[in-house]
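Asker: The lines below spell out each chain.
2 protein chains.
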Amino acid sequence: MAKEFLNALEAEIGQQDMGKNPIELYEPIQYLMSLGGKRIRPVLCLLTYSLFKDQWQKAISPSLSLEIFHNFTLMHDDIMDKAPLRRGKQTVHEKWNDNIAILSGDVMLVNAYQYLNKIKDLSLSEFQFALERFNKTAAEVCEGQQMDMNFESRSQVSVEEYIEMIRLKTSVLIGLSMELGAILAQQANQVSDQLYQIGELIGLGFQLKDDLLDVYGDPEKFGKQPGGDILANKKTYLLIRALEMAEGENKIELSKWLSMANPNPELKVKSVTAIYTSLGVKEETEALVKKYFDEAFVQMSALNIMDEKKVGLLKFMSGLVDREV
Amino acid sequence: MAKEFLNALEAEIGQQDMGKNPIELYEPIQYLMSLGGKRIRPVLCLLTYSLFKDQWQKAISPSLSLEIFHNFTLMHDDIMDKAPLRRGKQTVHEKWNDNIAILSGDVMLVNAYQYLNKIKDLSLSEFQFALERFNKTAAEVCEGQQMDMNFESRSQVSVEEYIEMIRLKTSVLIGLSMELGAILAQQANQVSDQLYQIGELIGLGFQLKDDLLDVYGDPEKFGKQPGGDILANKKTYLLIRALEMAEGENKIELSKWLSMANPNPELKVKSVTAIYTSLGVKEETEALVKKYFDEAFVQMSALNIMDEKKVGLLKFMSGLVDREV
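Line by line, the protein sequences are chains A and B. For the first sequence, the positions run 32 to 356 when our numbering is used. For the second sequence, the positions run 32 to 356 when our numbering is used.
Calculated pairs, SDA-like style, for lysine to any residue (alpha carbon to alpha carbon, straight line, at most 25 Å):
#1 B:Lys151 with A:Glu157
#2 A:Lys113 with B:Glu58
#3 B:Lys167 with A:Tyr62
#4 B:Lys265 with A:Trp127
#5 A:Lys151 with B:Leu153
#6 B:Lys167 with A:Met49
#7 B:Lys151 with B:Gln46
#8 A:Lys89 with B:Ser156
#9 B:Lys89 with A:Leu153
#10 A:Lys84 with B:Ser156
#11 B:Lys51 with A:Ser186
#12 B:Lys113 with A:Ala114
#13 B:Lys265 with A:Asn52
#14 B:Lys167 with A:Ser92
#15 B:Lys51 with A:Leu105
What the hints contain is simulated information worked out from the structure, not anything from laboratory work.
Modelling step: build the complete structure from the supplied sequences, incorporating the hints.
Answerer: See below:
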């Protein structure tokens, strides 16, 4: 089911034609969209829509607004984070320049609204509700990115603050993806809100799994060397918890690696990973990922929908828990 | 009439509350919006709405989407142009930094859609048409900015290309401002399109007048020293025409000033202005401004609306022709 949706989405992305000239503006959009990615957001939207209605083809174009918006945030975040690579390829600001990445990203955000405007068959109030939720979520994602940047210059970040940051930066859009599926299927606000909550939980589990994979991922499967977050001293859940728990030798060693000016990269990744492991941070993070997904599964089973309708979505969710990529 | 609208708009802008946290994201929005400006776009929207309906208060919030969008473009353009000042004050990226100006601008673009979503009392298709026109125009404004940046690195730009650039960068949004007024007043597409055409003509005249004021404006009234465009070698209509027409001594002199590494600023402005004047570029630009506004007035008189209804808009248009600020 998800595979069928993915094929339809890729076909639609391939046809995406937002404009031609000036080429500097539109080429980066096509470039970034064609780098792939899991298309989790539109797939979740279509899977949720399919809980209620069969004609999922109708939801394809509106669901792409989520993917385009997500890629817009990547284009702009990569400028702010001075990231050289995205999905193993040059980032837009590296391949072109900062100005092009700013402006091309702006057009992409507008494109997201163009796809959202392909919604048909809703009432005005249903459509305006979809737009309101999209707007609110879009602003929240920016808030999450600003929080993330603010954390960089702070010496201490609490677990609570970190969870709130990833909720805004990542989870609310995954929540919206499922909510939009329900709105497109003309479900009552109460139902679409339940799906938003489930998506938010999935989003939290998804991001924490990302933090884990960046340290413990299998480079063969993950497609990149683990340790990027460690090398960047990124305040992930793992580092925040390690800083809270480390004592004695571990504490001294961790501080040393965090403050070292030009560390040997492999040695730093290996040493910090060993500290995480010895402190039990790996198991703790895995348990937290499981907790969020478990709660999402519980809320799924509480949904008043026939079980056979839920199979596709549940299977996709399980894939996210177990993913190694 | 325009004064009454302006007061109502300023009151609404003063109440604008898009969010609070993180403060880095929302303070720049409030800062830029409070720097003033003529609010030409929402005023034109309200004046156009008033051609057809009396309850202009209903159009206040949607009309602000135009002003917020315009200010969003200023925030991002100022990063790209490395501009230190906007309306005599520090630009956002100067007062804060580039990353904040990128992200705060992104939220502002979302805010524009939030205000557009305050439209009430339209049918779904009327609302989606408004959104479609907004999206198209927003993308075109970005295209205009990209063209403008591309012109910087080119040795030659034709008048035709320049007019197309300012049409996209400036005029289409002024066109949309009037079109949106007509859409909000539930006029047929044919009528709203006529208003768009008029706004586009006004926008072209408005930008060329800007080019003129930047060279020939009275510093006392204009609020800044003229000559900014000349010092930046900006390819305005005046420079493009001067490059086309200059011969002999004028041509040598103009090339000299354009290629000089560290010119005396006052001397450069004075000399290039003298070349413009001797070539008749001032009168030619004034004539072109007049031509666009005259055409806008002709199209206004062709509108099938009682003359007394047109008074406010016509008066405002005359103010734009004669403006010294």
